[in-house]
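Given the sequences, and given the hints that come with them, work out the whole structure.
Heads up, our numbering is the position in the sequence shown plus 6, with the first residue counted as 1.
Calculated from the structure, these hints are not laboratory results.
Worth double-checking, as some hints may not be accurate.
Think about it this way: if two alpha-carbon atoms lie no more than 30 Å apart in a straight line, the pair counts; the simulated DSS-like pairs of lysine-lysine are [as the list claims (entries may be wrong)]: (1) Lys115 with Lys89; (2) Lys115 with Lys128; (3) Lys89 with Lys128.
Across the chosen pairs, the derived CB separations fall in these ranges [what the hints assert, rightly or not]: (4) Asp251 with Gly92: 34 to 44 Å; (5) Pro81 with Lys343: 15 to 25 Å; (6) Pro81 with Arg207: 47 to 57 Å; (7) Val86 with Val337: 14 to 24 Å; (8) Ser202 with Val140: 44 to 54 Å; (9) Ala108 with Gly277: 26 to 36 Å; (10) Asp139 with Gln98: 14 to 24 Å; (11) Pro350 with Arg177: 39 to 49 Å.
Here the structure is a predicted model, which means the values were calculated and not measured.
We treat Cβ as the ideally placed atom computed from N, Cα and C, and that holds for glycine.
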Amino acid sequence: MKNKILILLSVFIFCMTLGLKDAMAAAATDVACKAPCINSFEIEDGQVTSSDIANGAVTDSRITGPISSSKIQKPANVIVVAKSGGGFTSIQAAIDSVTPSATNPYLIKVMPGAYVENITMKSYIHLQGAGRDVTTIQAPSTEYVIALRSLTNVAISGFTITGGFYGIDNRSSSPTITENTFTGNQGGGIYNDNSSPVIGRNIMKANYFGIYNINSSSTIAENTFTGNTYGILSVDSDTTPSIMDNIITGNIEGVAYIIFSSVAVRGTLAGNTIVGNSDRGIDIGGGYSSYMIINNRITGNGGGDIWVVTESSVPNISFNVYDTISGDTGVGQYNVKSDGSPAPAP
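See below:
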């Protein structure tokens, strides 16, 4: 009797299993897919392997709908520059060897070493050093180290850039410049003329200017400026930089903004630490300014923390920590001194 019960139970389980498989197959037919349709439950482990997929079996021409060849970003071509063992030993030779474009960009990876040359960039190139502590580009004379002229889609990262008049001479271009050290450049670390660069996480040390902007709208964020004559200098009416979250210390002048035009100009200084510069922390002078100076710490600067002399459209100075302010000043509120007491009114 016991054996009969076990046999009947086994038959019941087998029938239920067949019914479940049929139900799954039927449910799968409700899912819209083009013939031939392969359902996931029909693929067992190991049935489809890499050897079954021919090289080129899936091509751009076979991709349709929401994901098409035009929506797949082409990976950059990669060139390696090295003192030995790379495709090139010269950075400029590597740049000269290619014709990059929006659909044919290049990544030029530069291995550790010191490269003594002047570099002229091209559009659609990312020049990537192995790290600022191990990869140096040094100008052979007091000319620029790296020049950009009317370029787009350029990135420069991972170098120490030294020995030029300007470390990067950037004109009518909008590069991304990150994680470099600029030091020992007689004119300045980065010179921007009629440009809109993004400059982030760099070290500007012992240059005349850390960054010099003229007629430019630069985004300058999370950099360190120390030992320069000017940390950041911006000149003229079209200059509307966003200067955010930088450390600006140990320079002669921290941030200077000189206006020659009668047209009101705007810029933003927010979240910066501007301390211990031997002259002024922030110096704004000239024509018409609507600068926003918000949420900065500006203390311990030898020539005064903030100095403002403008003809009109005074800057908004609010939510800062500073001890001294002079000149025509501006408007603002909620500023405090370094000891927590109310700061002198703008």
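We went through each hint and held it up to the structure:
| no. | hint | in the structure |
| --- | --- | --- |
| 1 | Lys115 with Lys89 | holds (12 Å) |
| 2 | Lys115 with Lys128 | holds (15 Å) |
| 3 | Lys89 with Lys128 | holds (22 Å) |
| 4 | Asp251 with Gly92: 34 to 44 Å | holds (36 Å) |
| 5 | Pro81 with Lys343: 15 to 25 Å | violated (54 Å) |
| 6 | Pro81 with Arg207: 47 to 57 Å | violated (24 Å) |
| 7 | Val86 with Val337: 14 to 24 Å | violated (55 Å) |
| 8 | Ser202 with Val140: 44 to 54 Å | violated (30 Å) |
| 9 | Ala108 with Gly277: 26 to 36 Å | holds (34 Å) |
| 10 | Asp139 with Gln98: 14 to 24 Å | holds (23 Å) |
| 11 | Pro350 with Arg177: 39 to 49 Å | holds (41 Å) |
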